[in-house]
Amino acid sequence: MSLVFTLASRNLFQDRLRFIAALIGIVFSVVLVMVQMGLYFGFGRMVTTMIDHASTDLWIVASGAKCFEDLSLLNMEMQNRLAAIDGVAEVIPVVVGFSAWMLPDGAMTPVFVIGSDFTAGGLSPWNIVEGTVQSLTAPGTVAIDRSYYDRLGVSGVGATARIRGQPVTVGAITDGIRSFTTTPYVFSDLGSAQSYIGLPASFISHFLVRLKPKADIERIRQDILANSSGIQALTPDQFRDQSRSFWLFGTGAGAALFAGALLSVIVGTAIVAQTLYSSTKDHLYEFATLRAIGASNSYIYKVIICQALLNAVIGFAIAALIGTAVAHFTAKSALQIVITPNLMIELFLLTVVMCIASAIAAILRVVRVDPVIVLTQ
Amino acid sequence: MTGPIVEAMNVSKILGSGPARVQALKDVSLTLNGGKLTVLMGPSGSGKTTLLSILGCMLTPTEGTVRVCGTSTSGARPEELAKIRRQHIGFVFQSYHLFSTLTVAENVRLALDVRDERGLKAMAKTEEVLASVGLTSKMASFPRQLSGGEQQRVAIARAIVAEPSAILADEPTASLDAANGQAIMAIFSAIAKERGHAVLVVTHDPRLFGFADRIVHIEDGSLTREEFTDPDALRLRKTRN
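Protein chains in written order, with the working numbering: chain R, 966 to 1342; chain C, 749 to 989.
One chain only, chain R, in its complex shape:
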């Protein structure tokens, strides 16, 4: 085995304080990037959670609607026109909007109502831990998430409350359907939802369009757009991208997360670069000796890059443990930090690139070392 690794590792571990300083720099940097990117993915996943859980081939939304939560309205009359298009199997209306939930003590809290035709398999709640979806077909019956018990002043199936002055009964309890806006989701049948939101029965916000088997989705999409004006016909992927783009970049949230991540990378790189540079300066006579005994430039670069890689591997391992723990603790929070295996791999590569980039200053310093200095010392 080459002595490059031995020399690099022993030089690195010789000055423990400096090594720890470098590790702290890497760990903080990587954990920060991990958290920022985890928030980005978590946020990205959360803003499309309704789109992800809807069983549909096409979403029909008003032309100005940018996301699922957009309150732009469509006329219910459109349903028959859409259903008449060749290849369309089902058209299921969905309505969303804000309303006010009255707690037992009379206090009011805002809720986000989602109404759909559950008999047709519309946008139904999932992860049901108590009660059934079927119970929601009865007017005045709603589903809520158990994480909002305190907020809504209820404690399970059978609890009662009022929405917009109308009595409701909790018919189903879900687990993990949380809103990034922190406003609780309330699922109900279409008609009830319209009255909770205060909309006439002729208005809804989305249509879910299911196609017949082997139907040409793009042709039908074009037919729908030709048939009706003032609407968008989007595949789930398109609607997902549009929603994510709006919430992450239209609001600046994503840009802020990316800026934070970038800043973390820069700070981490600077810390590791400073540490490697000072370590190289401390071992300058050793590098000059290596040059004097005939070591090639590439041999010397390998020593420095090996040090950088050791920093990267050890630093990343610690950061990954911390990041995983942070992700675990936020798993039940309103805004999850989502760390996927791909993100881990990408962050490891980023750490390696960051550490190698940090070695550039040290390499440039070593390149300038004149081996003659070992004769004059």
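I should point out that these hints are in silico values taken from the structure, not numbers from a laboratory.
Being a predicted model, the structure only gives us computed values, none of them experimental.
There could be a bad hint or two in this list.
Unchecked claim - DSSO-like mimics (lysine-lysine), calculated; alpha carbons at most 30 Å apart, straight line: (1) C:831 with R:1267; (2) R:1297 with R:1031; (3) R:1267 with C:869; (4) C:831 with C:873; (5) R:1267 with R:1246; (6) C:784 with C:831; (7) C:784 with C:873; (8) C:873 with R:1267; (9) R:1031 with R:1179; (10) R:1246 with C:831.
Based on these hints, arrange chain C on the given structure of chain R.
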């Protein structure tokens, strides 16, 4: 090889520029042959280190030519000079310049490692050369655990392990007491005689002359005298200038 191993012809070297410009060497010609121990002697600032640097391919001359095993260093770039050093030259430094984080064996093996010689063969060579300088029992020690004389013997082992054609030593006994100095010079003499290396030792300690086959004097950047010693009587046989 036959013929000179290191050959400097009419070498001049100017260091610095402007007011700091110094002519460190003036028209120096010197050859180092295999199997011979040459001592380079001169006062501080006489150009010893500059000449050693040029003969050892760390510097190139301003004028003149240096050939190492037939390869000219004229116009060579730093990486090419490093290759010549790697192939043909072993260095021993006054301050040893051992790697504090490597063991004795690793310090020696490093000279093979930079030449891409690794594995069991490299380890066997390392053990053999450490045995030749009497350090078999110190192979796993770190430099800080060794005396000055032992550290210099490690440095010598490192210089010879790759079997270079020439060994250049800069004041190798300056940091040692007399006994250790004599022991180190005896090793250099043996390296020249038994291994056939061309050995150049820079020193200003006249007590070490007895080990030399030739003594070259340098003053103000010029070679002033060259003495050849009789190996039996250790007396001066020939004087130039």
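Results of checking the hints against the structure:
Between residue 831 of chain C and residue 1267 of chain R the alpha-carbon distance is near 17 Å, which keeps this suggested pair within the 30 Å criterion. For the hint linking residue 1297 of chain R to residue 1031 of chain R, the alpha-carbon distance of about 27 Å falls within 30 Å, and the restraint holds. Among the hinted pairs, residue 1267 of chain R with residue 869 of chain C is consistent with the structure: their alpha-carbon atoms are about 23 Å apart, no more than 30 Å. Taken as a hint, the residue 831 of chain C and residue 873 of chain C pair is honoured in the structure, with Cα atoms around 21 Å apart against an allowance of 30 Å.
A threshold of 30 Å between alpha carbons decides the hint, and for residue 1267 of chain R with residue 1246 of chain R the separation of about 16 Å falls inside it, so the pair holds. Distance hint between residue 784 of chain C and residue 831 of chain C is fulfilled; the C-alpha atoms sit about 24 Å from each other, no more than 30 Å. With a C-alpha separation of about 23 Å, the suggested pair residue 784 of chain C and residue 873 of chain C falls inside the 30 Å cut-off, and the hint holds. Between the alpha carbons of residue 873 of chain C and residue 1267 of chain R the distance comes to roughly 24 Å, so the proposed pair stays at or under 30 Å and holds.
A distance of roughly 29 Å separates the Cα atoms of residue 1031 of chain R and residue 1179 of chain R; the hinted pair therefore holds under the 30 Å criterion. A distance of roughly 24 Å separates the Cα atoms of residue 1246 of chain R and residue 831 of chain C; the hinted pair therefore holds under the 30 Å criterion.
Of the hints listed earlier, there is not a single one the structure fails to meet.
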